[in-house]
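Q: Assemble the complex: chain A is given as a structure, and chain B must be docked to it using the hints.
These are the residues of each chain, in order.
There are 2 protein chains.
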Amino acid sequence: MSAERVFLYDTTLRDGAQTQGVHFTLADKQRIALQLDRLGVDWIEGGWPGANPVDDRFFAEPPRLARARLAAFGMTRRAGRSAGNDPGLAAVLASGAPTITLVGKSSARQVEGALGATREENLEMIGDSIRAACARASEVMFDAEHFFDGFKEDPGYALACLEAAAEAGARWLVLCDTNGGTLPHEVTRICERVLARFPGDRLGIHAHNDTGNAVANSLAAVLAGVRQVQGTLNGLGERCGNADLVTLLPTLVLKLGFATGVAPRALEGLTQLSRTFDESLNRTPDRHRPYVGAAAFAHKAGLHASAVLRDPSFYEHIDPARVGNTRDILVSDQAGRANLLARLKAMGLEPTSEQLARLLSELKAREAQGFAYEDASASFELLARRTLDRVPDYFELLSFRVIDERRRNAKGELVTLAEATTKVRIGDRRFFTVAEGNGPVNALDVALRQALAPAYPSLEHMRLVDYRVRILAPERGTAAVTRVLIESADDEGRVWETVGVSGNIIDASFMALHDAITWKLLVDGVHPPTRSEHLP
Amino acid sequence: MSAERVFLYDTTLRDGAQTQGVHFTLADKQRIALQLDRLGVDWIEGGWPGANPVDDRFFAEPPRLARARLAAFGMTRRAGRSAGNDPGLAAVLASGAPTITLVGKSSARQVEGALGATREENLEMIGDSIRAACARASEVMFDAEHFFDGFKEDPGYALACLEAAAEAGARWLVLCDTNGGTLPHEVTRICERVLARFPGDRLGIHAHNDTGNAVANSLAAVLAGVRQVQGTLNGLGERCGNADLVTLLPTLVLKLGFATGVAPRALEGLTQLSRTFDESLNRTPDRHRPYVGAAAFAHKAGLHASAVLRDPSFYEHIDPARVGNTRDILVSDQAGRANLLARLKAMGLEPTSEQLARLLSELKAREAQGFAYEDASASFELLARRTLDRVPDYFELLSFRVIDERRRNAKGELVTLAEATTKVRIGDRRFFTVAEGNGPVNALDVALRQALAPAYPSLEHMRLVDYRVRILAPERGTAAVTRVLIESADDEGRVWETVGVSGNIIDASFMALHDAITWKLLVDGVHPPTRSEHLP
Numbered sequence: 001m002s003a004e005r006v007f008l009y010d011t012t013l014r015d016g017a018q019t020q021g022v023h024f025t026l027a028d029k030q031r032i033a034l035q036l037d038r039l040g041v042d043w044i045e046g047g048w049p050g051a052n053p054v055d056d057r058f059f060a061e062p063p064r065l066a067r068a069r070l071a072a073f074g075m076t077r078r079a080g081r082s083a084g085n086d087p088g089l090a091a092v093l094a095s096g097a098p099t100i101t102l103v104g105k106s107s108a109r110q111v112e113g114a115l116g117a118t119r120e121e122n123l124e125m126i127g128d129s130i131r132a133a134c135a136r137a138s139e140v141m142f143d144a145e146h147f148f149d150g151f152k153e154d155p156g157y158a159l160a161c162l163e164a165a166a167e168a169g170a171r172w173l174v175l176c177d178t179n180g181g182t183l184p185h186e187v188t189r190i191c192e193r194v195l196a197r198f199p200g201d202r203l204g205i206h207a208h209n210d211t212g213n214a215v216a217n218s219l220a221a222v223l224a225g226v227r228q229v230q231g232t233l234n235g236l237g238e239r240c241g242n243a244d245l246v247t248l249l250p251t252l253v254l255k256l257g258f259a260t261g262v263a264p265r266a267l268e269g270l271t272q273l274s275r276t277f278d279e280s281l282n283r284t285p286d287r288h289r290p291y292v293g294a295a296a297f298a299h300k301a302g303l304h305a306s307a308v309l310r311d312p313s314f315y316e317h318i319d320p321a322r323v324g325n326t327r328d329i330l331v332s333d334q335a336g337r338a339n340l341l342a343r344l345k346a347m348g349l350e351p352t353s354e355q356l357a358r359l360l361s362e363l364k365a366r367e368a369q370g371f372a373y374e375d376a377s378a379s380f381e382l383l384a385r386r387t388l389d390r391v392p393d394y395f396e397l398l399s400f401r402v403i404d405e406r407r408r409n410a411k412g413e414l415v416t417l418a419e420a421t422t423k424v425r426i427g428d429r430r431f432f433t434v435a436e437g438n439g440p441v442n443a444l445d446v447a448l449r450q451a452l453a454p455a456y457p458s459l460e461h462m463r464l465v466d467y468r469v470r471i472l473a474p475e476r477g478t479a480a481v482t483r484v485l486i487e488s489a490d491d492e493g494r495v496w497e498t499v500g501v502s503g504n505i506i507d508a509s510f511m512a513l514h515d516a517i518t519w520k521l522l523v524d525g526v527h528p529p530t531r532s533e534h535l536p
Numbered sequence: 001m002s003a004e005r006v007f008l009y010d011t012t013l014r015d016g017a018q019t020q021g022v023h024f025t026l027a028d029k030q031r032i033a034l035q036l037d038r039l040g041v042d043w044i045e046g047g048w049p050g051a052n053p054v055d056d057r058f059f060a061e062p063p064r065l066a067r068a069r070l071a072a073f074g075m076t077r078r079a080g081r082s083a084g085n086d087p088g089l090a091a092v093l094a095s096g097a098p099t100i101t102l103v104g105k106s107s108a109r110q111v112e113g114a115l116g117a118t119r120e121e122n123l124e125m126i127g128d129s130i131r132a133a134c135a136r137a138s139e140v141m142f143d144a145e146h147f148f149d150g151f152k153e154d155p156g157y158a159l160a161c162l163e164a165a166a167e168a169g170a171r172w173l174v175l176c177d178t179n180g181g182t183l184p185h186e187v188t189r190i191c192e193r194v195l196a197r198f199p200g201d202r203l204g205i206h207a208h209n210d211t212g213n214a215v216a217n218s219l220a221a222v223l224a225g226v227r228q229v230q231g232t233l234n235g236l237g238e239r240c241g242n243a244d245l246v247t248l249l250p251t252l253v254l255k256l257g258f259a260t261g262v263a264p265r266a267l268e269g270l271t272q273l274s275r276t277f278d279e280s281l282n283r284t285p286d287r288h289r290p291y292v293g294a295a296a297f298a299h300k301a302g303l304h305a306s307a308v309l310r311d312p313s314f315y316e317h318i319d320p321a322r323v324g325n326t327r328d329i330l331v332s333d334q335a336g337r338a339n340l341l342a343r344l345k346a347m348g349l350e351p352t353s354e355q356l357a358r359l360l361s362e363l364k365a366r367e368a369q370g371f372a373y374e375d376a377s378a379s380f381e382l383l384a385r386r387t388l389d390r391v392p393d394y395f396e397l398l399s400f401r402v403i404d405e406r407r408r409n410a411k412g413e414l415v416t417l418a419e420a421t422t423k424v425r426i427g428d429r430r431f432f433t434v435a436e437g438n439g440p441v442n443a444l445d446v447a448l449r450q451a452l453a454p455a456y457p458s459l460e461h462m463r464l465v466d467y468r469v470r471i472l473a474p475e476r477g478t479a480a481v482t483r484v485l486i487e488s489a490d491d492e493g494r495v496w497e498t499v500g501v502s503g504n505i506i507d508a509s510f511m512a513l514h515d516a517i518t519w520k521l522l523v524d525g526v527h528p529p530t531r532s533e534h535l536p
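Those protein sequences? They're chains A and B, same order as listed.
Numbering-wise, this note's numbering puts 253 at position 253 of the first sequence, and it's gapless, one number per residue.
Numbering-wise, this note's numbering puts 282 at position 282 of the second sequence, and it's gapless, one number per residue.
There could be a bad hint or two in this list.
Which copy is meant is left open, because identical chains are indistinguishable; a pair holds if it fits in one copy or across any two.
[Claimed, not checked] In silico lysine-lysine, BS3-like type, Cα no more than 27 Å apart, as pairs:
| id | residue 1 | residue 2 |
| --- | --- | --- |
| 1 | 255 | 152 |
| 2 | 411 | 423 |
| 3 | 255 | 423 |
| 4 | 411 | 345 |
| 5 | 345 | 364 |
| 6 | 152 | 345 |
| 7 | 345 | 255 |
| 8 | 423 | 345 |
| 9 | 255 | 364 |
| 10 | 423 | 152 |
| 11 | 411 | 152 |
| 12 | 423 | 364 |
Hints are computed from structural coordinates only; laboratory data are not their basis.
In this text the structure is predicted, and so the values were computed from the model without any measurement.
Pulled out of the complex, with its shape left as it was, chain A reads as follows (with noise of 0.2 Å):
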């Protein structure tokens, strides 16, 4: 017997973009599409043409999605407009995604108190609108906006909203918590009665986090028989979020035996995947999210941990390899002791095992102050080739100081001013520079190149893509660690990352730095030069 099929439909670029403290830049975005793609999701929305300028220019330019069909999303035509004289309408059905996903409303309170039109007037506008997407797209959605609380007001009138939209072409009808005040035991009841007017694979679910309900009220929905699911990674979303997909896809997959378009190995992605994309937002990944999070399969010492030892289905619901996660107990992790030594064969390291022992205790200590080797990994082959072989020295910083400074100017404006000075030592020779910037990392980074420029003029072809900052430890405030990940590129279309930690931003700016610098001058073969050697 095959598994029933669940269709995922992503929404992290246009729901999740509604998060407080999220603003995805057009680089965000297209990244962002390409991961969901690979992880299998079938659809992706990738913003609301017409909106803003970042919506436009990412459908201008769609990226290349190997399965995941692109959705423009829009709003039904306004009242008192028709559907080809509508701007708003428009710019999303000249988008050219090959799905339309149209929101209208579905309360008759609602049509009649926020958008002042008729309750008839509404069923036309969704008619006309999505007869318009029809013609433009190979596919059309309808969102039925506060569906819930419509169909517990008036369900006559609930329903004929969507028979609207299913007569005028939609393919589907998904239903929207948009408040999210809906209960799972509520989301149940409806969902079964909608169903017995649109069995089949017709309808979607789209949950709000409000009442903490977001993965109950879609599970609910599946299990009633809904077979399409709205959410967004980690959860974005506005308010209190979106359903978690995160969360969803291996309750769907691994409890409930659902098919999906995501592969047994893509979902032993999912906790890379969730961790790094709350990483490049520059959020710290929730150590308690279920399936994914850091602690979700960790075991206190003691009672637990012995019977985790002895069968770990005592205490652990699911195997956490399924979903990429490992087991976190007081004794040598044997999970993470494979991967290191994968990633060390990668690159071409075969460590004897008193080696391999000496760089996990060296990765634990360093992990401990707050270092984080996911997201640098030339920052981790440089630490690996250090304790299991050797990375020549090209260059020993003796010193340097930053003075930043805010002062009136000869106008008598405050002015705020960055300088650098550094003092390196290459081979046998030491060179002292100074340099100007527009704030005191990039004073001190102009200062260092012109230090190494003579010795390595490759570094010419090097340069910074990224610079983040992460704060650890932000109770402490001003007071905190801080670590600086670089991103960095050169002219062979090589990007790498790299990693520094320290109280002090500069400071660790400056280990980032350092370590993006040798892994370049690693990987382009250059050789130190010797204390002998003469420098040009």
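A: Okay, now just chain B, sitting in the frame of chain A:
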């Protein structure tokens, strides 16, 4: 018709203490117990007597609770011992707590695999231990560990374990989803079957969040007829946490109409309780937490915000005031005039249309520079008040200088130092201060506070709780523009966020610090000294 009563059992101090990164001191436990008592929970599980010295001292000098009952937690006697000859059980029996809760197994597979006991011996262990507890405490509960897994394997044996406890005198039988792997529809089905055997108010539910369903599972149990709910403040607990009472309580009371021991007035304190609880543990409150999060009633999209102004119930599932939260209309580039007006009105400002236009254009100009006010409402308020009204200049920065230096110390080790000098004017006096710090921003913060302390003593009660850095235009590498967000808190439970933007991170941090201090002094109603006034 009077509402049905649901009883709340808080296990923050016992199961919540298993949270990774949480370590309660005795004082923490005493303070939290009093907070829970004021809230109105029915039982407070204080810990596990005999397990650690903090728990022993807590029970030796229990907090004076006005109405909640204190519960001591422990385990049924071990296999092969008598109830009178088990040191672990003896410590619990001797605790003096009016309620004793004993956990025991209810899964045959667990009994045989983890305890190495027979099925019959486990039933005796439960019966003996419960009887011994009944002789010492006025009320005894049985926590049936792994109940749902056990019931799925062998319903007869799982029920026999409950039976053994009930016959021995247990007042409550608590069904524990120890692994957290049970889904809501399974909870409903199993609870219905257990209720057929134990009707009335005999059953409790203890849910974990490993599939993101701890709240939904608790609700499913209550809707099936279970009348005791166990959970923790903010969902603390090992792995993915326990059921979050802060989320459950408003759903039970406001949406399902159950009666609890929590008075409406106490429910209005829920937002503050949840946030100060996190603060006291040095955890950043989750902005997206249902009901009480800072973003739980925040409206970002222009469309939604204007509908909210017309009728809040359009986009709010409850009135935020009922849980002590507030509506927040976000200012962002998506926001229109309506959002802005609503926000100003909430501050008591009624701008003319000319003033509004001026503020909008100022906002636009600042957002183009990289300012983001939706996460920094205190900076927004200051900007609005400065544009429409006036804000006192509490101090004027004349200059600052920050030096970061990395060099060898006397022992020849490379060390990094940060030192800041500030020059400020307050009234007619100038203050020069110098300070060292962990890093440059910390040094600047310390120096500035030294300068301001004599004139503004209330700043001593303000602290920075979060410091976030976002790099804008990261493609410019270290020369990119930096946005700093600072979250501050004071002893009166206020939390506010401010923003600074500059190419120089030190400068951006200073701006955000300046706003944070100004907002605090403004809210406190402090007046700056005039030029002629004498300072202490």
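Q: Against each hint, give a clear statement of whether it holds in the structure.
A: Going through the hints against the structure:
no., hint, in the structure
1, 255 x 152, "between (31 Å within a copy, 14 Å between copies)"
2, 411 x 423, "between (34 Å within a copy, 19 Å between copies)"
3, 255 x 423, "neither (56 Å within a copy, 63 Å between copies)"
4, 411 x 345, "neither (62 Å within a copy, 39 Å between copies)"
5, 345 x 364, "within (20 Å within a copy, 53 Å between copies)"
6, 152 x 345, "neither (57 Å within a copy, 33 Å between copies)"
7, 345 x 255, "neither (30 Å within a copy, 50 Å between copies)"
8, 423 x 345, "neither (37 Å within a copy, 57 Å between copies)"
9, 255 x 364, "neither (33 Å within a copy, 47 Å between copies)"
10, 423 x 152, "neither (71 Å within a copy, 64 Å between copies)"
11, 411 x 152, "neither (67 Å within a copy, 76 Å between copies)"
12, 423 x 364, "neither (32 Å within a copy, 43 Å between copies)"
Of the numbered hints stated above, those contradicted by the structure are hints 3, 4, 6, 7, 8, 9, 10, 11, 12, listed in ascending order.
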